[in-house]
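Engineer: Using the working numbering, you'd call the opening residue of the sequence shown number 1326 and step up by one each time.
Keep in mind that the hints were calculated from the coordinates and are not lab data.
Check each hint, because a few of them may be wrong.
Listed next, with one range per pair, are the computed distances between beta-carbon atoms [as the list claims (entries may be wrong)]:
| # | residue 1 | residue 2 | range |
| --- | --- | --- | --- |
| 1 | Gly1472 | Ile1539 | 30 to 38 Å |
| 2 | Arg1575 | Met1503 | 19 to 27 Å |
| 3 | His1441 | Glu1405 | 24 to 32 Å |
| 4 | Asp1461 | Glu1558 | 39 to 47 Å |
| 5 | Asn1572 | Glu1371 | 35 to 43 Å |
| 6 | Pro1425 | Pro1451 | 15 to 23 Å |
| 7 | Phe1464 | Lys1527 | 27 to 35 Å |
| 8 | Asp1555 | Pro1348 | 45 to 53 Å |
| 9 | Leu1347 | Lys1538 | 47 to 55 Å |
| 10 | Arg1422 | Arg1552 | 17 to 25 Å |
Derived lysine-lysine pairs resembling PhoX-like cross-links, with alpha carbons at most 25 Å apart [said to hold, decoys possible]:
| # | residue 1 | residue 2 |
| --- | --- | --- |
| 11 | Lys1395 | Lys1544 |
| 12 | Lys1460 | Lys1527 |
| 13 | Lys1354 | Lys1406 |
| 14 | Lys1465 | Lys1406 |
| 15 | Lys1432 | Lys1406 |
| 16 | Lys1406 | Lys1475 |
| 17 | Lys1465 | Lys1395 |
| 18 | Lys1475 | Lys1465 |
| 19 | Lys1395 | Lys1406 |
| 20 | Lys1538 | Lys1527 |
| 21 | Lys1475 | Lys1395 |
| 22 | Lys1460 | Lys1432 |
| 23 | Lys1527 | Lys1487 |
| 24 | Lys1544 | Lys1406 |
| 25 | Lys1386 | Lys1373 |
| 26 | Lys1360 | Lys1386 |
| 27 | Lys1360 | Lys1373 |
| 28 | Lys1527 | Lys1395 |
| 29 | Lys1386 | Lys1544 |
| 30 | Lys1406 | Lys1460 |
| 31 | Lys1465 | Lys1565 |
| 32 | Lys1565 | Lys1395 |
| 33 | Lys1487 | Lys1475 |
Built from N, CA and C at the ideal position, the CB exists for glycine as well.
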Amino acid sequence: SSGATSDLRPSTPSIPVTNYQLPVSTEDKVIPTTKLRQAIGRRLVESKQTIPHFYVTHEYKMEAVMDMRKQINAYLGDNEKVSVNDFIIKATALTLRQFPNLNATIKGNEIIQFGHVNVSVAVTVPGGLMTVVVKDADFKSLRQISGEIKAMAARAREGKVKPEDVDGSTFSTSNLGMYDVEEFIAIVNPPEAAILAIGSAKETPVVVNGEIKIGSRMKATISVDHRVSDGAEAAQFMQKLAEFLENPVRMLV
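Work the whole structure out from these sequences, hints included.
Structural biologist: In structure tokens, the structure reads:
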């Protein structure tokens, strides 16, 4: 036999690079993107290209929060009532106190743990979304948190947002529960290390001591920068968050 060998690997076809554009017909509607949408796009492309995300989901028992909310709101006026999300913001802030790595940013080879817990809340506005920031949320009452979010969200929707409404966030949250969304994952908002995506609290059959009862359950997913933390720490954070949500009286003492 001859010493010649043949390369049996399939050849990779060369793909011509073209600047292909979809044809626009007279029925199509061309809408220029807003500056807000462009800014959102740039920020989130940067996040997905530079931050190695990982995700941890946890299911929470929400009966105690629902009961306490009902009791609190019975004493408050229509414009002062607290939402489930207000409880979640407060619980998240208190949990972050115990997990400073998730209330942090990475700069070069250093992790910087923030000295304050400033929790941002995603708010839908015309043409996109904006995040408003509850400063020092771990030290504020549910009523304070609720009032601040209502006021900042109203300003954001009216285009009258103040710089202090949107600056200084150390950890982000996004809640789609009002749209009956069970669960979703969110993109980390740089330069932060994590974001919590919150689904709806739903009545569902649950097994308690061998009996089927109707309970309230909510799923939440934390997205984390793997350069800053890992799965075990994120899972412990979600467990600690459950301690506050499932025993909400702990938020009041």
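Engineer: Could you run down the list of hints and mark each one as holding or not?
Structural biologist: Hint check:
1. Gly1472 x Ile1539: 30 to 38 Å: Check passed, 32 Å falls within 30 to 38 Å.
2. Arg1575 x Met1503: 19 to 27 Å: Holds: the Cβ-Cβ distance is about 25 Å, inside 19 to 27 Å.
3. His1441 x Glu1405: 24 to 32 Å: Because 26 Å falls inside the window, the suggested range holds.
4. Asp1461 x Glu1558: 39 to 47 Å: Distance hint for Asp1461, Glu1558 is violated at roughly 23 Å.
5. Asn1572 x Glu1371: 35 to 43 Å: Between Asn1572 and Glu1371, where Cβ atoms are some 39 Å apart, the hint holds.
6. Pro1425 x Pro1451: 15 to 23 Å: Given a distance of about 36 Å, which is not inside 15 to 23 Å, the answer is violated.
7. Phe1464 x Lys1527: 27 to 35 Å: About 31 Å separates the Cβ atoms of Phe1464 and Lys1527, which means 27 to 35 Å holds.
8. Asp1555 x Pro1348: 45 to 53 Å: 48 Å, holds
9. Leu1347 x Lys1538: 47 to 55 Å: 54 Å, holds
10. Arg1422 x Arg1552: 17 to 25 Å: 22 Å, holds
11. Lys1395 x Lys1544: 21 Å, holds
12. Lys1460 x Lys1527: 29 Å, violated
13. Lys1354 x Lys1406: 42 Å, violated
14. Lys1465 x Lys1406: 16 Å, holds
15. Lys1432 x Lys1406: 40 Å, violated
16. Lys1406 x Lys1475: It holds: about 10 Å lies between the C-alpha atoms, which stays within 25 Å.
17. Lys1465 x Lys1395: 20 Å, holds
18. Lys1475 x Lys1465: With Cα atoms ~15 Å apart, Lys1475 and Lys1465 stay inside 25 Å; holds.
19. Lys1395 x Lys1406: 9 Å, holds
20. Lys1538 x Lys1527: Given that 25 Å is the threshold and the Cα spacing comes to 13 Å, the pair holds.
21. Lys1475 x Lys1395: Distance ~19 Å between Lys1475 and Lys1395 Cα, so the pair holds.
22. Lys1460 x Lys1432: Between Lys1460 and Lys1432 the Cα gap is close to 22 Å, so the pair holds against 25 Å.
23. Lys1527 x Lys1487: 35 Å, violated
24. Lys1544 x Lys1406: 23 Å, holds
25. Lys1386 x Lys1373: 32 Å, violated
26. Lys1360 x Lys1386: 40 Å, violated
27. Lys1360 x Lys1373: With Cα atoms ~20 Å apart, Lys1360 and Lys1373 stay inside 25 Å; holds.
28. Lys1527 x Lys1395: 16 Å, holds
29. Lys1386 x Lys1544: 9 Å, holds
30. Lys1406 x Lys1460: 20 Å, holds
31. Lys1465 x Lys1565: Holds, because 19 Å separates the two Cα atoms, which is no more than 25 Å.
32. Lys1565 x Lys1395: Given that 25 Å is the threshold and the Cα spacing comes to 24 Å, the pair holds.
33. Lys1487 x Lys1475: With a Cα-Cα distance of about 14 Å, the restraint between Lys1487 and Lys1475 holds, given a limit of 25 Å.
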